[in-house]
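Heads up: the sequence lines are chains A and B, in that order.
Using this note's numbering, the first residue of the first sequence is number 145, and each one after it goes up by one.
Using this note's numbering, the first residue of the second sequence is number 145, and each one after it goes up by one.
Check each hint, because a few of them may be wrong.
No distinction is drawn between identical chains; accordingly, a pair holds when it is met within one copy or between any pair of copies.
To be verified - Listed below are the simulated DSBU-like cross-link pairs for lysine-lysine, each with C-alpha atoms no more than 30 Å apart in a straight line:
hint, residue 1, residue 2
1, K663, K224
2, K376, K334
3, K442, K538
4, K221, K690
5, K473, K690
6, K221, K661
7, K415, K400
8, K301, K665
9, K690, K149
10, K607, K442
11, K224, K242
12, K224, K665
13, K520, K296
14, K334, K520
15, K690, K224
16, K400, K520
17, K241, K221
18, K221, K520
19, K607, K221
20, K663, K221
21, K224, K661
22, K246, K442
23, K520, K224
24, K296, K376
25, K473, K538
26, K221, K708
Hints were generated in silico from the structure; no laboratory data involved.
Number of protein chains: 2
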Amino acid sequence: MTGRKILVIGGSAAGPKAAARARRMDEHAEVTIIQKSAYLSMASCGYPYYIGGVFDDRNMLLCTPTGVVRDPEFYLKAKKIVARVQTEAVAIDREAKKVRVKDLKTSQEEELSYDSLILATGATPIRPPVPGNDLEGITTLQSMEDADFLRKACDNKQVKKAVVIGAGLIGIEACEALRLSGIETVIVEKASQILAFLDWKMAKLVENYIRSQNIDVHLENGVEAFLGEEGKLKAVKLSSGLEIACDLAVVAVGVKPNSALAQEAGLEIGKTGGVLVDDYMRTSDPDIFAAGDCIEVKNLLTDRKIHAPYGDLANLEGRVAGENAIVGKGATFPGSIQTGICKIFDYSAGTTGLSEKAARQNGKDIVTVINASPDKPGFMTGRLLVSKMVADRKTGRILGAQCIGPGDVSKQIAIWATAIKGGLSVEDMVNADLPYAPPFSLAIDHSIATAHLMQNKMAGRLKGVSVLEVHDKLKSENPPLLLDVRGPDEYDEIRLGVGEVLIPLGVLRERLEELPKNKEKEIICYCKISLRGYEAALVLEANGWKNVRVMEGGIMAWPFPREK
Amino acid sequence: MTGRKILVIGGSAAGPKAAARARRMDEHAEVTIIQKSAYLSMASCGYPYYIGGVFDDRNMLLCTPTGVVRDPEFYLKAKKIVARVQTEAVAIDREAKKVRVKDLKTSQEEELSYDSLILATGATPIRPPVPGNDLEGITTLQSMEDADFLRKACDNKQVKKAVVIGAGLIGIEACEALRLSGIETVIVEKASQILAFLDWKMAKLVENYIRSQNIDVHLENGVEAFLGEEGKLKAVKLSSGLEIACDLAVVAVGVKPNSALAQEAGLEIGKTGGVLVDDYMRTSDPDIFAAGDCIEVKNLLTDRKIHAPYGDLANLEGRVAGENAIVGKGATFPGSIQTGICKIFDYSAGTTGLSEKAARQNGKDIVTVINASPDKPGFMTGRLLVSKMVADRKTGRILGAQCIGPGDVSKQIAIWATAIKGGLSVEDMVNADLPYAPPFSLAIDHSIATAHLMQNKMAGRLKGVSVLEVHDKLKSENPPLLLDVRGPDEYDEIRLGVGEVLIPLGVLRERLEELPKNKEKEIICYCKISLRGYEAALVLEANGWKNVRVMEGGIMAWPFPREK
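Construct the entire structure; sequences and hints are all you get.
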C-alpha cells in the first residue's frame, strides 16, 4: 500500500476530510488536494454568523480550534498533505489515471497521476436566468468571497434594504445575518411556504415568527427580473409584478452538484445530477471515489436517491472516501435521513426523516401528531416547542419529526434522528429514559410526551384534528362547535375568535347541558396546547357525544390570524 | 369497567400521574388519591432551584403550567379525582380489597375499598444513625417542608457555613443551591469519588471544577457525629476526625423505598427493598399496582433489579400503572437504562447506560474511549465536553456514555440514551445524521466524533491509554516517554510538567531523530484533546516505533495537578 498516490479534487469540506483520513490510514501515501479557491477547509456554514457580526475575526472561519490557519503550509507540516490552491482540475484521464490541472494564477497546466482519485467538487448555487442577473449588488452565499462581500456590505452601512430570494436554510440564515446588521430585509419564496422540509403548518408558524421580527415574507413569488441603474441593483421585480426597491439581493434558491468533470470522464451520474456512488463512496470507476455536495446519496427511509448538500454529511462521506481510497472496501456511508436545522433569532426549526408531505409522496401509510409544550418547567423559564411526528400506521415505526420554536429544538431533533436511525417505534419512545433534571427538561421530556400523544392517537383514544382541517371546517355549511376549555383569564389574553364556546375544563362536567343536545354534532376541543382539550374530549365522549375531536397543538399551533 | 374504584396511595409524582391516566382511560371510574403530605404533585426536583433563588414564587412548585395550584379542588374539578391530603394509608386488607386510612389532622380512621389499588408511596431519605442526628439545623432535601426550611435558612442570611453530606445528584444540587445563596459550603462523601454514576476520572474532573468554585470536597469520609450546642448544630465530625464548624447540614446519602405497607400486606418485596412489579407495574397481587420510588425495576442492560428513584421514571411508571389499573394488561414499562444528569453552576454531568465500572462488575467485555472536544465551533463560543463511551467489544453495541463539562451535556446524553435504548452499535453512530448548524453543533457532532474514536480504537488504529494509566506508569521503574505535540504557545499556557517532551505535530516528521533510538520504547502522545496526539502516534508507528499510544482526551481529560 505504501507510496500510494491519493489525489483529492476539492478542498472545502469533504475533500480535506478525505485527505486527512487517507493520511491517517497510511502515513506513507502521497496525498494531494487540488483546490480551485484560494482557501482551504472553510467553515462555510459559519458565513452567516460572520456576516451578521456574531463574531468579527474572519480567520476563525479558516483555522483549527487552536487558531492555526488551515493553509497549504499547515497541511504540509501537520498532515504531510500537499494542498494546491487556486488550481483547477480540468480533465480526468481514467485510463492513464491522470488528472490535468491548471494553475489559475499562471494558467499553466500539468498532469498529476493517481492510484485513487477522490472527487469532492462541491455544488454551485443556482442563479435564476432572469434579466438583470449580473447587476452589482446580487450575490449568493456560498464562497468565502460571498461572505466577504456581504460582510463588507453590512459594515459599510450603505445597504438600506436587502431582498433574500429563497426561503430555505441558507435564505433564512442570510436573512437573520442581514437583519442583525440592521439592514431592512425581505424574503421572497417561489413555493407556498418557507423551509420546504417542514409541513405547511409548521412552516407557517415559523413564518409568523419571522414576520413578527419585522421581516416581510413574499410567498408564491419568483423573481421576474432584477432592475438596476448604472449597473447597480435598484429593485427586484417579483412574478406578482411587485417591485421591491433594494440595494442588495442574496440568491439562495438551491445548489446543483458539480458533476461535469465526472460526467466528462464518463462516470455515471444519477438522476439528481449528482455523481453516483455506492456505500463505499465509490463511483462507477473503482479507483475513483466521490463525496460531499457533488454526489447523490440514498434516503434511508425511502431508498430513493437524493441530493443532500449538508456540511455534516460531506464530512462523514469524505471520511469514508478517504479510508477506502487507501484500503479499498473498508468503511461505508449508508445514506441520510435528511436531518436539518436552522436558527433565526430566538427561534429554531429542525427536521429529521420524512415530513407528512414527503411520507405521503412516497406512498407511506402514516399517522401524524402535533405536540406543543415547553422544553423545561416554567420555573426554569421553559420555552415553547411545537413538534410534529410522523409514524408508520401499521408498525408504529417513527418516520419523521419536525420541531420549531424558541425552545431547545436541537436536542429534540437529535433524539428523533437517533431514534429513526435505529428504526425505533413509537412504543420504544413512550418509555425512553432520557436525562432529566429541571435545568434540562420536563419530567416527561417533550419528545416522550410527543410519543405519548402518538400512542394515544394510534390506540384511538386521542382523536386529533389538525388546525388546518379545523380552519377548513369552519368555512363549511355545517361547521363544528369549537370548545375552548381554558380559564377565562387565558381566554381574555388570547383567543381564536372564530365563534368558539368557552367552558373551562374545571367546570365542564357540571355544564354539559350547555353543549348541543344532538350527540352526533361534531365538537372540537382545545386549550393552549390541547392537553386539557384532550381531557375535555374524553369527558364528552364518556357522556355520549359521538363526534368529538381534539385540535392538535391547541392555540399554540394555530397559524392563522387570531382575535387576540 | 364503568364505576371501577381506583385507589392511589401517594400524591407526589407517580401517584398523581397514575390517577390522571386512570381517569383518562375511564371517565366513569372513581379515582381517589391518598396523600400523607399537605401538598400534591410537587415539582420536587425543582426544590434546589427554589432554595438557590433561581425563582422566588414557591407556588411554581405546586401549580400547572397555566398557574393553577394542584390542590384537592383542582383535582376534583379538572380531573374528577378525589385527593385526600394529610391522610395516611395504614394498612391494606387484600382479601376485603380495602385500605385503612387515617386523617392526620383528626386522627380518625376509616376504610376505603378498591377494585384496583396503586401504591406510589415513594422513598425516604436515609439519615446516618450517628450521635447528634436530631440537632436543629440538620435536614434532608426531599419534602416541601425541607425546601421551605432551606429556603428560609438562605433568606435569613444567618447560616454562614453548611455541610452537604453525600455527593450524589441531590447532594450536588443542594451544594449549588446553598452556594448560590452565598453560604460557604463543603461536601462530604464516603466514597472515593463524587457522583457514583460516573467513572472515577470523569468524577475527578467534575470535582476539580467544583473545587474551582470554592467548594471544599472531602472524600472517603463519613459522618462520625453531629456536634451541637443547646440543641443546635455547631459542627460535623468526619470519620477522619476532622471537625467542620457549620450552622447547617444537608443529608443526601440516598433514599430507601417505602415498601413497609406493601410488605405488611404480604406483597413480594425485591432484593433492593423495593416492591416487586412486572412490566405492567403489577405487584404479586394482580389487583395491586405500584410505581415510582417505592418499586424496583429492571436495568435493561444487565437484567438486574435496581432501585431507580428518578422523577421521570416515576411519571412513566405511574402512567403504566394508571392505565393497567383500568384495563388490566395494557401498557408496559420494561425498565431503565439509568440515565441521569445534574447541573452545578456552569457545568453539567450526565450518564446513561453502564459506566466502565458497572459494566465490568456485570462481567461485560468492553472497550472504552474518551473524547474531549467542544459542542460548537469556536466562532459560536463552543464549550468543552468530555465524554466517555463504553461499548461491547464483540458486538460493538453501545452500553453506556458519560458526559461532563460546560457544554451541552444534556443533548449528548439524550442522543446516547436513545441509541442505547435502540440497541445501536458504534457503527450505527459513526454515520449518525444529526441536526447540524453552527449555533447547535460542530459539523461532526461531539457524539459522532466519540463514535469515530471508538471505531478507530476497536479497529486497532487508535491505541489509547487512559490518563489514570499514564499517571501510574509515570511512577514505574521504566516510565514511558510522554510526547506533547501541541504548539509552544499552548505549552507555555498550560502543561502537565511530568517530564514530557514537546515536539509540535507540524515539525514532528522532521524531528523524529530526537525520539528514542530504541523502537520498543513506550511513547505516549497527546495534545489538548489528543486528536493531534492520535495523528502523531500514527506518524511514529509508520516510522517504526512499536509501542506508541495516545493519551485519551489529552490535557483536557487530565484530572491530576498540572504544572500550569
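Evaluated hints:
no. : hint         : verdict
1   : K663 to K224 : between (78 Å within a copy, 22 Å between copies)
2   : K376 to K334 : within (24 Å within a copy, 74 Å between copies)
3   : K442 to K538 : both (24 Å within a copy, 29 Å between copies)
4   : K221 to K690 : between (75 Å within a copy, 23 Å between copies)
5   : K473 to K690 : between (61 Å within a copy, 26 Å between copies)
6   : K221 to K661 : between (83 Å within a copy, 23 Å between copies)
7   : K415 to K400 : within (12 Å within a copy, 63 Å between copies)
8   : K301 to K665 : neither (60 Å within a copy, 62 Å between copies)
9   : K690 to K149 : between (73 Å within a copy, 25 Å between copies)
10  : K607 to K442 : neither (35 Å within a copy, 34 Å between copies)
11  : K224 to K242 : within (21 Å within a copy, 79 Å between copies)
12  : K224 to K665 : between (76 Å within a copy, 25 Å between copies)
13  : K520 to K296 : between (40 Å within a copy, 25 Å between copies)
14  : K334 to K520 : neither (37 Å within a copy, 33 Å between copies)
15  : K690 to K224 : between (74 Å within a copy, 21 Å between copies)
16  : K400 to K520 : between (41 Å within a copy, 28 Å between copies)
17  : K241 to K221 : within (27 Å within a copy, 80 Å between copies)
18  : K221 to K520 : between (48 Å within a copy, 26 Å between copies)
19  : K607 to K221 : between (64 Å within a copy, 23 Å between copies)
20  : K663 to K221 : between (80 Å within a copy, 23 Å between copies)
21  : K224 to K661 : between (82 Å within a copy, 23 Å between copies)
22  : K246 to K442 : neither (33 Å within a copy, 65 Å between copies)
23  : K520 to K224 : between (48 Å within a copy, 27 Å between copies)
24  : K296 to K376 : within (16 Å within a copy, 68 Å between copies)
25  : K473 to K538 : between (37 Å within a copy, 21 Å between copies)
26  : K221 to K708 : between (64 Å within a copy, 27 Å between copies)
When each numbered hint is compared with the structure, violations occur for hints 8, 10, 14 and 22.
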